[in-house]
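Trainee: Spelled out from the first residue to the last, the chains are:
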Amino acid sequence: MAGKVLMKGNEAVAEAAIMAGCRCFFGYPITPQNEIPEYMSRRMPEVGGVFLQAESEVAGSNMVYGAACAGARVMTTSSSPGISLMQEAISYMAGAELPCVVVNIVRGGPGLGGIQGAQSDYFQATKGGGHGDYHLLVFGPSTVQELVDLTMEAFDLADMYRNPVMILGDAILGQMMEPVEMRKRPPRADLPPKTWAATGAAGRPKNIITSLYLDPAKLEKHNLRLAEKHRRMAAEQVRYATHMTEDADVVLVAYGTTARIARAALDRARERGLRVGLFRPISLWPFPYEALAAATAGASHVLVVEMSLGQMVEDVRLALGDTKPVHFYGRTGGMSPSPREILDEIVKIVERGA
Amino acid sequence: MQKVFGRPEALADVPTHYCPGCTHGIIHRLIAEVIDELGVRERTVGISPVGCAVLAYDYFNCDFVEASHGRAPAVATGIKRASPNSVVFTYQGDGDLASIGAGEIVHAASRGERITVIFVNNAIYGMTGGQMAPTTLPGQKTTTSPRGRDPEVAGHPIRVCELLSSLSGAAYIARVSVTSPANVAKARRAVKKAFETQLEGRGFSLVEFLSTCPTNWGMTPVEALKWVDDKMAVYYPLGEYTRVPEVG
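Line order of the protein sequences matches chains C and D.
If you're matching positions, the first sequence starts at 1 in this note's numbering and goes up one per residue.
If you're matching positions, the second sequence starts at 1001 in this note's numbering and goes up one per residue.
Only chain C is shown next, with the shape it has when bound in the complex:
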């Protein structure tokens, strides 16, 4: 597959994984991401890969753990309630330093919630999710193209850092069709060989893969080593985009699908002569704290827009402290903010003044 094709986000993410060399997929059906396992069930046998529908997200994510132990490029996908069930395996994989890619096509919660797009899993994705001291690399794409590109790169990053990587999408992105260029992406040449994998101790000492350290001094040492890795990840993987922030009086901060809606609001505001900019975090962990502070240095107000009741806004406040007012507008439960609503918020902020 080459050149631009029209693809649904969910199918594009599946094909992107295959193009990046993913040959093992384990998953469990859950709306709104069912096109991914359906696509994988058709495609994996064609490329000599493994597709297996697990009996649950708990089992599926532990199959991912197993395949990662064997050194495979492996992925699972789910949506919010299913991702909650996967937190056990995600924590174990982070602890045992196993590479894998997890895609969350987020839907509204809490509980069974609904099946429409939401961003209310931001805390779970970026602040831990499972138990213990660990971090995932978390990326929040806002177009199908970006979803494809980040998914492909995620496999390299997972291998590079020996760490799970999460793609945080949402139901809108998963269900939306857009033209997308599918560029085959072979694994990076500089990735370290997986000498740690459990493939049989042929002609070498045995490999053990575990996250168990009963001696607290050893566990602390292990965690400190992980923390050093997390610091490296944080230093090397900050990503963001800005639009018209240079002269902006009000800077919108939004990621994923919401950033596109915010962009539409920005255009309408600019038509009215309001100096509005947009800062879009792409890496949600690591969050672009310093870049956000720099991009909003000249602004009087910051307005954070999310499809949640305010999760990323906490990172924005952490980045900006009390240097300027940080406002919030969110819709929840599968409702998305309209450009009109965002524009109204901008107008309110400007009219209230500093």
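The hints are simulated quantities; they were obtained by calculation from the structure and are not laboratory data.
Take these hints with a grain of salt, some might be off.
[What the hints assert, rightly or not] If you want the footprint, here are the derived chain D segments under chain C, 3+ residues with CB under 8 Å:
#1 1030–1043
#2 1057–1070
#3 1191–1200
[What the hints assert, rightly or not] Derived SDA-like pairs (lysine to any residue); straight-line CA-CA distance at most 20 Å:
#4 Lys194/C to Lys1192/D
#5 Lys194/C to Pro1084/D
#6 Lys1192/D to Lys1003/D
#7 Lys1192/D to Glu1042/D
#8 Lys194/C to Arg1043/D
Even glycine gets a Cβ: it sits at the ideal position worked out from N, Cα and C.
Got chain C; can you put chain D on it based on the hints?
Mentor: Same frame as chain C, but now just chain D:
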């Protein structure tokens, strides 16, 4: 001088943490002997459970992966599917396999995963200090059934071999004990058959060991072995529950 008895290559030369009179050590040795005999040590990947055998990866001399509680069959599935040439076995206790991991074991068996499961049933949670297990016998006292397990309240013990042998993917299922030299010899044959079932690609295989926990049962090692014969083997009859169909 001719050496007539030694440590199997697949068993690491380290002391274990198991209590005196516990039969984990015998079971480890039987598995290691079979791995050696079949010549598959360098293709073998073991999966240790959460429970007394959590440190099994230190005791075997082959690649090993530590799974979360009950998920060993799912982890084994991931390894085997990603690496079909590997010989994959899980080593699980009764709480791990029959309680928290009941879903994973049933589905691994029903899929006919080409893995071998060593299921060690000692009717109690050993590592956590003697709580009731899914296989605790009716009337048996544990720290969470202090008046004895009452099936009216705590439900009935699960017979894993009988349950799994109803599934088409289960190619070899057997229950054994190691309470006598004769039983040890039978157990060894069952373990070998289970691994052969996997090597021949015939499907899922499981060997259940009726095992002892003198520490948490409050018995001497000899009393514990007698209790396995007199009580456990009555509720959990020894034998083969599925026979591998003859090939051809």
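Trainee: Each of the hints needs a verdict: does it hold here or not?
Mentor: We went through each hint and held it up to the structure:
1. Counting residues of the segment 1030–1043 of chain D whose beta carbon lies closer than 8 Å to any beta carbon of chain C gives 3, which reaches the threshold of three, so the coverage claim holds.
2. For the segment 1057–1070 of chain D, the stated coverage by chain C holds: 11 residues have a C-beta nearer than 8 Å to a C-beta of that chain, and at least 3 were required.
3. Look at the segment 1191–1200 of chain D against chain C: 0 of its residues bring a Cβ nearer than 8 Å to a Cβ of that chain, fewer than three, so the hint is violated.
4. Between Lys194/C and Lys1192/D the CA atoms are separated by roughly 31 Å; this puts the pair beyond 20 Å, and the hint is violated.
5. Annotation: proposed proximity of Lys194/C to Pro1084/D holds, straight-line Cα distance about 18 Å (limit 20 Å).
6. Taken as a hint, the Lys1192/D and Lys1003/D pair is broken in the structure, with Cα atoms around 23 Å apart against an allowance of 20 Å.
7. Simply put, Lys1192/D and Glu1042/D have alpha-carbon atoms about 17 Å apart, close enough for the 20 Å limit, and the pair holds.
8. Taking the CA atoms of Lys194/C and Arg1043/D, the gap is about 17 Å. The hint holds against a cut of 20 Å.
In this structure, the hints that do not hold are numbers 3, 4 and 6, in rising order.
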